[in-house]
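Trainee: Listed here are the chains, written in short residue letters.
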Amino acid sequence: MLQRTDHLTKRYGIPDGFTLTRYLADGGYVQARRALSMTREELVNECKAANLRGRGGAGFPMGVKWSFMAPTVAPGRPHYLVINADEGEPGTFKDRSMMEGDPHATVEGCIIGCRAIGAHVAYIYVRDELHLAKDRLWAAIREAKAKGFLGAKPFGVDYAVEVYVHSGAGAYICGEETSLLNSLEGRRGEPRLKPPFPAQAGAFGMPTTVNNLESIATVPALMRLGGDNFSKISSLHPKEGGSRLYGVSGHVNTPGIFECAVGLTLRELIYDLGGGVKGGELLAVIPGGSSTPILRADELVEAPNESHPLHAWHGMSVLDVPMGVETFRGLGTMLGTCCATVLSDKACPVLAMHNLMRFYRHESCGQCTPCREGSGWLERLLDTIVAGNGTMDDLNRLHEVANSIMGNTICAFGEGTAMPALGFLKKFRREFEEYIRTGGRSSTNRLALAQPAAE
Amino acid sequence: MAFQLTPEREQELAEIFARYPNKMAACLPLLHLAQEQHGWVSDEVVTWVAEKLDVSTAHVFGVATFYSLYHTHPVGKHHVWVCRTLSCALHGADDIVKHCEKRLGIHVGETTADGAVTLHTAECLASCGTAPMMQIDREYHENLTLAKVDVLLDRLRKS
Ligand SMILES: Cc1cc2nc3c(=O)[nH]c(=O)nc-3n(C[C@H](O)[C@H](O)[C@H](O)COP(=O)(O)O)c2cc1C
Ligand code: SF4
Ligand code: FES
Chain H
1 MLQRTDHLTK
11 RYGIPDGFTL
21 TRYLADGGYV
31 QARRALSMTR
41 EELVNECKAA
51 NLRGRGGAGF
61 PMGVKWSFMA
71 PTVAPGRPHY
81 LVINADEGEP
91 GTFKDRSMME
101 GDPHATVEGC
111 IIGCRAIGAH
121 VAYIYVRDEL
131 HLAKDRLWAA
141 IREAKAKGFL
151 GAKPFGVDYA
161 VEVYVHSGAG
171 AYICGEETSL
181 LNSLEGRRGE
191 PRLKPPFPAQ
201 AGAFGMPTTV
211 NNLESIATVP
221 ALMRLGGDNF
231 SKISSLHPKE
241 GGSRLYGVSG
251 HVNTPGIFEC
261 AVGLTLRELI
271 YDLGGGVKGG
281 ELLAVIPGGS
291 STPILRADEL
301 VEAPNESHPL
311 HAWHGMSVLD
321 VPMGVETFRG
331 LGTMLGTCCA
341 TVLSDKACPV
351 LAMHNLMRFY
361 RHESCGQCTP
371 CREGSGWLER
381 LLDTIVAGNG
391 TMDDLNRLHE
401 VANSIMGNTI
411 CAFGEGTAMP
421 ALGFLKKFRR
431 EFEEYIRTGG
441 RSSTNRLALA
451 QPAAE
Chain D
1 MAFQLTPERE
11 QELAEIFARY
21 PNKMAACLPL
31 LHLAQEQHGW
41 VSDEVVTWVA
51 EKLDVSTAHV
61 FGVATFYSLY
71 HTHPVGKHHV
81 WVCRTLSCAL
91 HGADDIVKHC
101 EKRLGIHVGE
111 TTADGAVTLH
121 TAECLASCGT
131 APMMQIDREY
141 HENLTLAKVD
151 VLLDRLRKS
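Those sequence lines, one after another, are chains H and D.
According to our numbering, the first sequence is numbered sequentially starting from 1.
According to our numbering, the second sequence is numbered sequentially starting from 1.
In case anyone wonders, no lab produced these hints; they're calculated from the structure.
From a predicted model like this one, the values you see are computed outputs, not experimental measurements.
One or more of the hints may lead you astray.
Within a straight-line C-alpha distance of at most 20 angstroms, the following computed EDC-like cross-link-like pairs (lysine to aspartate or glutamate) qualify [what the hints assert, rightly or not]: (1) H:Lys346 to H:Glu431; (2) D:Lys77 to D:Glu139; (3) D:Lys52 to H:Glu185; (4) H:Lys426 to H:Asp298; (5) D:Lys52 to D:Glu36; (6) H:Lys145 to H:Asp158; (7) H:Lys278 to D:Asp94; (8) H:Lys145 to D:Glu12; (9) H:Lys48 to H:Glu326; (10) D:Lys77 to D:Asp150; (11) D:Lys77 to H:Asp383; (12) H:Lys147 to H:Asp128; (13) D:Lys77 to D:Asp154; (14) D:Lys98 to H:Glu162; (15) D:Lys148 to D:Asp137; (16) H:Lys145 to H:Glu162; (17) H:Lys232 to H:Glu100; (18) H:Lys346 to D:Asp95; (19) H:Lys427 to H:Asp298; (20) D:Lys52 to D:Glu8; (21) D:Lys52 to D:Glu15; (22) D:Lys23 to H:Glu185; (23) H:Lys346 to H:Asp228; (24) H:Lys278 to D:Asp95; (25) D:Lys77 to D:Glu12; (26) D:Lys23 to H:Glu162; (27) H:Lys278 to D:Glu142; (28) H:Lys145 to D:Glu15; (29) H:Lys153 to H:Asp128; (30) H:Lys10 to H:Asp158; (31) H:Lys145 to H:Asp26; (32) D:Lys77 to D:Asp95; (33) H:Lys346 to D:Asp94.
Okay, the calculated bits of chain D under chain H, using three or more residues with CB under 8 angstroms as the criterion [to be verified]: (34) 21–30; (35) 68–82.
Okay, the calculated beta carbon distance ranges per label pair [to be verified]: (36) D:Pro7 to H:Asn389: 51 to 61 angstroms; (37) H:Gly280 to D:Gln11: 48 to 58 angstroms; (38) D:Thr6 to H:Asp345: 30 to 40 angstroms; (39) H:Asp26 to D:Lys77: 40 to 50 angstroms; (40) D:Gln11 to H:Gly388: 54 to 64 angstroms.
Note that beta-carbon positions come from the ideal geometry of N, C-alpha and C, so glycine has one too.
Input sequences plus hints: build the corresponding full structure.
Mentor: Given below as structure tokens:
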């Protein structure tokens with residue numbers, strides 16, 4: 001259901017929208033002040049009532065995650081809040097818009113989050129390239145500190161809170177939460193084995209919560225509305241609450257970030273918000289970042305069984321299913337970051353897969369053999385196919401290699417590579433076979449619609 | 001010659017260390033600070049960071065080589081990164097890369113003979129809604145056309 005909201009984006013695009021003056025004029029920091037007079041339990045319950053599913057990709061309930069933190073802070077074991085703003089998932093550009101457009105919402109969210117988990121320090125891990133975002137966050141932190149909203153006694157309350165920005169240095173894998181923690185600690189960004197989970201031993205070996213940047217920046221809004229009211233904005237309430245940022249890029253006429261109530265459909269995102277497909281008909285869409293398996297435009301929901309969660313949509317187009325963590329799992333894909341990439345029928349799916357597998361080979365941290373070697377094989381097999389020299393054996397080998405990565409790695413990057421690979425192979429089996437048979441002559445052999453100069 | 005920070009940057013050191021519960025955590029920020037001044041992470045920079053953090057040079061070197069934005073070899077004065085991941089590729093990133101190579105007379109990964117520009121490709125820079133795009137030093141340039149690229153590159157060669 002298409003329902004535009006502005007709980008998160010009200011100040012987007014306003015010339016001074018990122019300043020403290022503007023944030024205060026809109027009632028900013030009232031919730032942080034209130035949070036400091038609430039108990040941890042009250043705050044966690046508010047977040048649980050909001051049914052906020054993490055916005056970083058996995059969709060874990062945020063209030064439940066907060067509740068994993070030890071209820072009392074043991075001596076010598078400080079708690080930490082770590083915010084994930086590594087935003088590297090191909091197709092995803094929503095966290096950047098929040099940091100640049102409304103940085104104070106993140107700072108206020110950090111104060112509330114620290115209080116909720118018993119932490120006094122929050123680190124916002126931002127990928128290095130986002131210089132404007134980092135500058136805006138630092139400026140917001142300084143403004144808040146000068147007003148006495150941060151520091152030893154925020155709002156005069158005896159509960160110290162400090163917020164710092166920590167810059168990455170160019171590595172997609174640092175978005176994975178344990179890799180991010182190593183990177184924060186001054187090490188190579190290699191993921192850690194779990195358990196222990198961050199809530200037991202995270203940053204500096206201490207109990208830690210890692211929240212995505214959009215997740216934490218949404219907290220002031222959910223407090224303002226009240227958890228229950230916030231949840232009810234969503235058409236998927238009570239499973240998934242609130243409003244969130246939806247992104248759309250690729251072959252659409254008006255790409256961008258749009259805030260809507262949870263439960264928007266892909267059709268609404270592509271046609272109503274994205275202005276429709278550019279340069280042809282819709283071929284396929286990657287729903288939430290490149291690690292989420294691709295959906296074809298001509299796919300129908302297959303859920304004849306009444307107990308299937310998607311039974312209500314049985315026989316309908318996948319484009320008309322509300323975008324939710326569970327609904328999209330039911331479709332055999334994932335909601336991921338909720339930023340969709342759209343391919344028109346002028347784009348070649350073989351080249352699209354090649355582009356993404358090159359990305360994964362480049363970004364594997366190299367710790368696990370199946371991921372390091374497997375991502376290399378996937379790319380090389382596709383190199384051969386794209387060069388027009390592929391065989392049907394190569395196609396089978398792509399399957400084998402992708403399957404051998406699944407479940408055999410330290411972190412979810414492995415699945416994040418294998419699942420979209422298997423998705424392309426399954427959904428575009430016929431196109432791959434024809435491509436191989438004709439040496440590529442069956443394909444447009446292009447991803448772009450036209451030369452950028454001609455646009 | 002041993003590496004030393006300028007007095008202005010030296011002042012930032014204490015502020016950086018104060019953010020973290022131990023010294024090692026300042027590894028990435030110190031590498032950034034030193035590279036900002038020196039242009040790249042030389043052996044002298046690695047030694048300097050290791051001394052400041054009380055860790056081995058092997059640790060610092062391991063960190064510097066893990067991340068793509070630390071340069072462990074001398075590089076050009078300016079950096080051009082063209083995003084080549086899917087959303088940008090759907091809008092002609094490959095043509096932009098080729099055009100930059102031709103215009104600068106170098107391949108990806110190389111530096112112009114006058115030392116002015118190093119050309120890189122980048123993976124998704126979180127700017128997919130304004131594809132195709134490139135980053136030049138700290139700035140993003142979005143919704144590129146080949147004509148826009150020409151203007152940007154010409155400006156770089158002159159500065
Ligand atoms: C390979 C990989 C890359 C990831 N990249 C990001 C990222 O860029 N930003 C992010 O918030 N989460 C990313 N995640 C998910 C995080 O590990 C973690 O689940 C998330 O930050 C938790 O926040 P949330 O519960 O608020 O969603 C990534 C996970 C994997 C496996
Ligand atoms: S799965 Fe890949 S990225 Fe994750 S730890 Fe293993 S090698 Fe590194
Ligand atoms: S694909 Fe180029 S910025 Fe995302």
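Trainee: Compare the structure with each hint and give your call.
Mentor: Hints versus structure:
With a C-alpha separation of about 13 angstroms, the suggested pair Lys346 of chain H and Glu431 of chain H falls inside the 20 angstroms cut-off, and the hint holds. A hinted pair counts as satisfied when its Cα atoms are at most 20 angstroms apart, and Lys77 of chain D with Glu139 of chain D qualifies at roughly 15 angstroms. With a C-alpha separation of about 15 angstroms, the suggested pair Lys52 of chain D and Glu185 of chain H falls inside the 20 angstroms cut-off, and the hint holds. For a cut-off of 20 angstroms, the pair hint linking Lys426 of chain H to Asp298 of chain H stands: about 14 angstroms separates their Cα positions.
With a CA separation close to 17 angstroms, the supplied pair Lys52 of chain D and Glu36 of chain D stays within the 20 angstroms bound. For the given pair, Lys145 of chain H sits about 15 angstroms from Asp158 of chain H by alpha-carbon distance, which is consistent with the 20 angstroms threshold. Distance check on the hinted pair: Lys278 of chain H and Asp94 of chain D sit about 19 angstroms apart at the alpha-carbon level, within 20 angstroms; holds. About 18 angstroms separates the Cα atoms of Lys145 of chain H and Glu12 of chain D, which keeps this hinted pair within 20 angstroms; it holds.
Pair hint Lys48 of chain H plus Glu326 of chain H holds up; C-alpha atoms about 17 angstroms apart against a cutoff of 20 angstroms. At most 20 angstroms may separate the alpha-carbon atoms for a hinted pair to count; Lys77 of chain D and Asp150 of chain D meet this at roughly 18 angstroms. Restraint check: the Cα-Cα separation between Lys77 of chain D and Asp383 of chain H comes to about 34 angstroms, which exceeds 20 angstroms; the hinted pair is violated. Taken as a hint, the Lys147 of chain H and Asp128 of chain H pair is broken in the structure, with Cα atoms around 28 angstroms apart against an allowance of 20 angstroms.
Straight-line distance between C-alpha atoms of Lys77 of chain D and Asp154 of chain D comes to about 14 angstroms, which keeps the hinted pair within the 20 angstroms bound. About 46 angstroms separates the Cα atoms of Lys98 of chain D and Glu162 of chain H, which puts this hinted pair outside 20 angstroms; it is violated. Simply put, Lys148 of chain D and Asp137 of chain D have alpha-carbon atoms about 16 angstroms apart, close enough for the 20 angstroms limit, and the pair holds. Proximity of Lys145 of chain H to Glu162 of chain H is assessed by CA-CA distance (about 9 angstroms); at most 20 angstroms being required, the pair is judged to hold.
Proposed proximity of Lys232 of chain H and Glu100 of chain H is contradicted: the alpha carbons are some 28 angstroms apart, above 20 angstroms. A C-alpha spacing of about 17 angstroms is found between Lys346 of chain H and Asp95 of chain D, which places the hinted pair at or below 20 angstroms, so the restraint holds. A C-alpha spacing of about 10 angstroms is found between Lys427 of chain H and Asp298 of chain H, which places the hinted pair at or below 20 angstroms, so the restraint holds. Proposed proximity of Lys52 of chain D and Glu8 of chain D is supported: the alpha carbons are some 17 angstroms apart, at most 20 angstroms.
Pair hint Lys52 of chain D plus Glu15 of chain D holds up; C-alpha atoms about 14 angstroms apart against a cutoff of 20 angstroms. Proximity of Lys23 of chain D to Glu185 of chain H is assessed by CA-CA distance (about 9 angstroms); at most 20 angstroms being required, the pair is judged to hold. Our distance criterion of 20 angstroms between C-alpha atoms is broken by Lys346 of chain H and Asp228 of chain H, whose separation comes to about 45 angstroms. Among the hinted pairs, Lys278 of chain H with Asp95 of chain D is consistent with the structure: their alpha-carbon atoms are about 19 angstroms apart, no more than 20 angstroms.
Under the criterion of a C-alpha separation no larger than 20 angstroms, the hint pairing Lys77 of chain D with Glu12 of chain D is inconsistent with the structure, at around 23 angstroms. Between Lys23 of chain D and Glu162 of chain H the CA atoms are separated by roughly 18 angstroms; this keeps the pair inside 20 angstroms, and the hint holds. With a C-alpha separation of about 18 angstroms, the suggested pair Lys278 of chain H and Glu142 of chain D falls inside the 20 angstroms cut-off, and the hint holds. Restraint check: the Cα-Cα separation between Lys145 of chain H and Glu15 of chain D comes to about 15 angstroms, which is no more than 20 angstroms; the hinted pair holds.
For the hint linking Lys153 of chain H to Asp128 of chain H, the alpha-carbon distance of about 31 angstroms lies beyond 20 angstroms, and the restraint is violated. Pair hint Lys10 of chain H plus Asp158 of chain H does not hold up; C-alpha atoms about 32 angstroms apart against a cutoff of 20 angstroms. With a C-alpha separation of about 19 angstroms, the suggested pairing of Lys145 of chain H with Asp26 of chain H holds against the 20 angstroms cut-off. At roughly 24 angstroms between alpha-carbon atoms, Lys77 of chain D and Asp95 of chain D are farther apart than 20 angstroms, so this suggested pair is violated.
Between Lys346 of chain H and Asp94 of chain D the alpha-carbon distance is near 16 angstroms, which keeps this suggested pair within the 20 angstroms criterion. Counting residues of the region 21–30 of chain D whose CB lies closer than 8 angstroms to any CB of chain H gives 8, so the stated coverage by that chain holds, three being the minimum. Requiring three or more residues with a Cβ within less than 8 angstroms of a Cβ of chain H, the coverage given for the region 68–82 of chain D holds, as 4 such residues are present. Take Pro7 of chain D and Asn389 of chain H: their Cβ atoms lie about 60 angstroms apart, and the range 51 to 61 angstroms holds.
Roughly 57 angstroms separates the CB atoms of Gly280 of chain H and Gln11 of chain D, a value that falls within the hinted 48 to 58 angstroms. For the pair Thr6 of chain D and Asp345 of chain H, the beta carbons lie near 56 angstroms from each other, so the given range of 30 to 40 angstroms is not met. The beta-carbon spacing between Asp26 of chain H and Lys77 of chain D, approximately 43 angstroms, falls within the hinted interval of 40 to 50 angstroms. Between Gln11 of chain D and Gly388 of chain H the beta carbons are some 59 angstroms apart, a value that agrees with the proposed interval 54 to 64 angstroms.
When the structure is compared with the earlier hints, violations turn up for hints 11, 12, 14, 17, 23, 25, 29, 30, 32, 38 and for no others.
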